[in-house]
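S.K.: Protein chains in written order, with the numbering used here: chain A, 20 to 296; chain B, 20 to 296.
Among the hints, a few may not be true.
When chains are identical, the list treats them as one kind, so a pair holds in a single copy or across two.
To be verified - No farther apart than 20 Å at their CA atoms in a straight line, the calculated lysine to any residue pairs in the SDA-like style are these:
id, residue 1, residue 2
1, K71, A87
2, K186, L130
3, K207, D184
4, K24, S60
I should point out that these hints are in silico values taken from the structure, not numbers from a laboratory. What you are looking at is a predicted structure, and each value in this text was computed from that prediction instead of being measured.
Listed below, chain by chain, are the residues.
2 protein chains.
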Amino acid sequence: MTDSKIRRSERLIDMTQYLLDHPHTLVSLTHFAQRYKSAKSSISEDLAIIKKTFKQRGTGILETIPGAAGGVRFIPEIPYEESKELVKALCERLSEQDRLLPGGYVYLSDLLGQPELLRQVGRIIASKYLGEKIDAVMTVATKGVPIAQAVSYYLNVPFVIVRRDSKITEGSTVSVNYVSGSSERIEKMELSKRSLKRGSRVLVVDDFMKGGGTVNGMKSLIEEFEAELVGITVFAESKFKGQRAIEDYTSLLYVEDVDTRTKTINVVPGNYFDEEK
Amino acid sequence: MTDSKIRRSERLIDMTQYLLDHPHTLVSLTHFAQRYKSAKSSISEDLAIIKKTFKQRGTGILETIPGAAGGVRFIPEIPYEESKELVKALCERLSEQDRLLPGGYVYLSDLLGQPELLRQVGRIIASKYLGEKIDAVMTVATKGVPIAQAVSYYLNVPFVIVRRDSKITEGSTVSVNYVSGSSERIEKMELSKRSLKRGSRVLVVDDFMKGGGTVNGMKSLIEEFEAELVGITVFAESKFKGQRAIEDYTSLLYVEDVDTRTKTINVVPGNYFDEEK
Numbered sequence: 020m021t022d023s024k025i026r027r028s029e030r031l032i033d034m035t036q037y038l039l040d041h042p043h044t045l046v047s048l049t050h051f052a053q054r055y056k057s058a059k060s061s062i063s064e065d066l067a068i069i070k071k072t073f074k075q076r077g078t079g080i081l082e083t084i085p086g087a088a089g090g091v092r093f094i095p096e097i098p099y100e101e102s103k104e105l106v107k108a109l110c111e112r113l114s115e116q117d118r119l120l121p122g123g124y125v126y127l128s129d130l131l132g133q134p135e136l137l138r139q140v141g142r143i144i145a146s147k148y149l150g151e152k153i154d155a156v157m158t159v160a161t162k163g164v165p166i167a168q169a170v171s172y173y174l175n176v177p178f179v180i181v182r183r184d185s186k187i188t189e190g191s192t193v194s195v196n197y198v199s200g201s202s203e204r205i206e207k208m209e210l211s212k213r214s215l216k217r218g219s220r221v222l223v224v225d226d227f228m229k230g231g232g233t234v235n236g237m238k239s240l241i242e243e244f245e246a247e248l249v250g251i252t253v254f255a256e257s258k259f260k261g262q263r264a265i266e267d268y269t270s271l272l273y274v275e276d277v278d279t280r281t282k283t284i285n286v287v288p289g290n291y292f293d294e295e296k
Numbered sequence: 020m021t022d023s024k025i026r027r028s029e030r031l032i033d034m035t036q037y038l039l040d041h042p043h044t045l046v047s048l049t050h051f052a053q054r055y056k057s058a059k060s061s062i063s064e065d066l067a068i069i070k071k072t073f074k075q076r077g078t079g080i081l082e083t084i085p086g087a088a089g090g091v092r093f094i095p096e097i098p099y100e101e102s103k104e105l106v107k108a109l110c111e112r113l114s115e116q117d118r119l120l121p122g123g124y125v126y127l128s129d130l131l132g133q134p135e136l137l138r139q140v141g142r143i144i145a146s147k148y149l150g151e152k153i154d155a156v157m158t159v160a161t162k163g164v165p166i167a168q169a170v171s172y173y174l175n176v177p178f179v180i181v182r183r184d185s186k187i188t189e190g191s192t193v194s195v196n197y198v199s200g201s202s203e204r205i206e207k208m209e210l211s212k213r214s215l216k217r218g219s220r221v222l223v224v225d226d227f228m229k230g231g232g233t234v235n236g237m238k239s240l241i242e243e244f245e246a247e248l249v250g251i252t253v254f255a256e257s258k259f260k261g262q263r264a265i266e267d268y269t270s271l272l273y274v275e276d277v278d279t280r281t282k283t284i285n286v287v288p289g290n291y292f293d294e295e296k
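Chain A with its partners taken away, still in its complex shape:
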């Protein structure tokens, strides 16, 4: 290959790497031109190839912003069909009978510690909020954290962790009381005061939802911070007898039925897939 072809190849590889590592970030053409000591016209051609490939392979959208202050922005996305396939595979894994715990709970911790699965879940949830302005992802300790982090990687915004127990390392906190759906008990949750700015647009995520009490607590906390709730997405929800504390949420998985006697769990895709896009 000639020298210029080699340089194009190297640029394409490194630009791909850079864009994937900086989702939702405006990168100027000048940045790339300097990084590779190449003309902006060559960079433009490179980006056109990357844009086309990302689209064809379902990696995401490469937005082009024209003008002097312009550049490109990579928005990770997952094709609808691919997300459905992934969630169907998850339904099978969740239905494994040795996941059944006393009280009808479902063991999830192994899944929520797998990097490959978290990447997929993060990409699926982030895809739902591509068009929204989001300043922070919020979750509650401990099991929501991996999901919040996975989503925050793809949206490229920070995540904040609400806690049920106060910790000296959090500084001043704001707390709210909430009704835990499953036990009807009044509980308390708190968030470090400096972790969320007033007016922030917040996406709430969690691992599991029954009555929705915990998520509702986070909703109150968002109000206390004079912030704004953009949406709620949970990894899994379970069937709930009675009135849920919240109505408007998205779930990837729906635990339809748990039978402790016959040791069966039946899991189907959640309402994320209710309407075809």
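Using the hints, position chain B against chain A.
M.R.: Frame of chain A, contents of chain B only:
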């Protein structure tokens, strides 16, 4: 450009994306040949270009495994100089005086919720253990979780979360008692029984270490599981008067001095950088 050049460009972009998304995973040439309906000889050429570019740009190592069962394996790495620059920038951020909390604690939660920073920290810590066989990353809830997840992304192994409070959703657990270094109290920590296999090789990570009591607790827990400790790396350690519970560990940052009276924090690079590589 001719058709074949376009195809090479598209392959390079998509292969880069695929390899970055599957670190430490053996990918056969056949996999790529089928994915792009291309000859293995072309794929080999592509991979040689990617290997060279990854090396030049400090993205990592692309290992080539020859033979019928062979293929390539991407090992993420960070150049020593780059990691040092990143940690120096972190030292400055940690030294900000409004991070000082009552009792001489340092506020870290905002940093440990930033995806860009977590990616860097994950890459730096994972770089230290490239050559080691690791089966799981272990940490303790809650603040260690983001670091464990970040490291697990780059090593492509699951992470497990040790908890101080028992949760019904964890199933049967194994617990140990440990002496909390800072308070000299006896505390308890536990890990879900099914989360770690006997003989697993475990890397322990945590956000902050003072006396090392918590990390020492995880060490006992690893013994209880008849697993093996590979190493310990903490994001930050602070100066400790007296005998630490553990000796052999790595830190990215060292909080040398905290003065609550003058409100100053002095942070320098940790022992990760003690010996030049």
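S.K.: Evaluate each hint against the coordinates.
M.R.: How the hints compare with the structure:
For the identical chains of this complex, K71 and A87 are neighbours neither inside a copy (23 Å) nor across copies (33 Å), given an alpha-carbon limit of 20 Å. In this assembly of identical chains, the alpha carbons of K186 and L130 lie at most 20 Å apart only when taken from different copies (17 Å versus 27 Å within one copy). With identical chains, the CA atoms of K207 and D184 are at most 20 Å apart both within one copy (8 Å) and between copies (16 Å). Taking CA atoms no more than 20 Å apart as the test, K24 paired with S60 passes in both settings, with 15 Å inside one copy and 18 Å between copies.
Going down the numbered hints, you'll see the structure goes against just number 1.
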